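Engineer: As you go down the protein sequences, you meet chains A and B in turn. The first sequence begins at 563 in this note's numbering and counts up one residue at a time. The second sequence begins at 563 in this note's numbering and counts up one residue at a time.
I should point out that these hints are in silico values taken from the structure, not numbers from a laboratory. Hints are not guaranteed to be accurate.
Heads up, the list lumps identical chains together, so a pair's fine if it works in one copy or across two of them.
[Stated by the list, open to error] Calculated pairs, DSS-like style, for lysine-lysine (alpha carbon to alpha carbon, straight line, at most 30 Å):
| # | residue 1 | residue 2 |
| --- | --- | --- |
| 1 | Lys623 | Lys578 |
| 2 | Lys642 | Lys631 |
| 3 | Lys623 | Lys642 |
| 4 | Lys642 | Lys591 |
| 5 | Lys578 | Lys631 |
| 6 | Lys591 | Lys631 |
| 7 | Lys599 | Lys642 |
| 8 | Lys632 | Lys591 |
| 9 | Lys578 | Lys599 |
Fair warning: this is a prediction, and the values are worked out from it, not measured in the lab.
There are 2 protein chains.
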Amino acid sequence: MARQAHNEIDDVIHQKTRLAIMASLAGVKRLDFNELKAQLGLTDGNLSRHLSHLENAGYVKISKGFKGKKPRTTVAISAKGQRALAQYLQALQNIIDTANP
Amino acid sequence: MARQAHNEIDDVIHQKTRLAIMASLAGVKRLDFNELKAQLGLTDGNLSRHLSHLENAGYVKISKGFKGKKPRTTVAISAKGQRALAQYLQALQNIIDTANP
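So here's chain A without its partners, still in its complex pose (with noise of 0.2 Å):
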């Protein structure tokens, strides 16, 4: 059983910029654009492409405002993907158990 536990693994969280975006998330819930690129030593276009997928997937909320005079973008993570990363951390860990028996 645990063994086809890689069946279980979400390819949106899968990817290990997109894993990095979702557990930076989880801890605080919510982070400025440029904090998270910042963090994760991103491009903009890139932190951008990975953000718009977890938002497809329904993970993340962005949210475009402003601080005094310059814009800014908020990313949260939403209820649906604290789940998913919950689930996808519990497939890891039955896969991780199948490799230290």
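Let chain A serve as the given structure and place chain B on it in line with the hints.
Structural biologist: Just chain B now, with coordinates in the frame of chain A:
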């Protein structure tokens, strides 16, 4: 620091079918090709392709021989593969820890 753990993820192992192969081999050291195929629910072609990738990285050793008159292929994890898997699992653990502080 832990936030950039995604850069330490080994792409050869991160692909989920290859991760399942490595996890299966880690527990038992050596498996019959057909046994591995059945355990993971893969086709011949799919398993062969992923094993080639792992063999090129030096993570597994593939031996072709005979059992009686029947050809038999066995797959074993290498010492390098064991180390790579351990490092990969540690990188994942770092990401999981970020998500569950």
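Engineer: With identical chains, the pair Lys578 and Lys599 could be close in the same copy or across copies; at 30 Å between alpha carbons, which is it: within, between, both, or neither?
Structural biologist: both (15 Å within a copy, 26 Å between copies)
Engineer: Is the C-alpha distance from Lys632 to Lys591 at most 30 Å within one copy, between copies, in both cases, or in neither?
Structural biologist: Classified as within; 22 Å inside a copy, 58 Å across copies.
Engineer: At most 30 Å between C-alpha atoms: does Lys642 with Lys591 qualify within a copy, between copies, both, or neither?
Structural biologist: Close inside one copy (13 Å), not across copies (38 Å); limit 30 Å.
Engineer: Since the copies are identical, ignore which copy is meant and state whether Lys591 and Lys631 lie within 30 Å (CA to CA) inside a copy, between copies, both or neither.
Structural biologist: Cα proximity of Lys591 and Lys631: one copy only (25 Å, versus 61 Å across).
Engineer: Within, between, both or neither: how does the pair Lys642, Lys631 come out at a Cα-Cα threshold of 30 Å?
Structural biologist: Classified as neither: same-chain Cα gap 32 Å, cross-chain 55 Å, threshold 30 Å.
Engineer: Are the CA atoms of Lys623 and Lys642 at most 30 Å apart within a copy, between copies, both, or neither?
Structural biologist: Result: close within a single copy only, 11 Å intra versus 41 Å inter.
Engineer: At most 30 Å between alpha carbons: which applies to Lys623 and Lys578, within, between, both or neither?
Structural biologist: So Lys623 and Lys578 pass the 30 Å test inside a copy (19 Å) and across (27 Å) alike.
Engineer: With 30 Å as the alpha-carbon cut-off, assign the pair Lys578 and Lys631 to within, between, both or neither.
Structural biologist: Close neither inside one copy (34 Å) nor across copies (45 Å); limit 30 Å.
Engineer: Using 30 Å as the alpha carbon limit, work out where Lys599 and Lys642 are close: within a copy, between copies, both or neither.
Structural biologist: within (23 Å within a copy, 34 Å between copies)
In this structure, the hints that do not hold are numbers 2, 5, in rising order.
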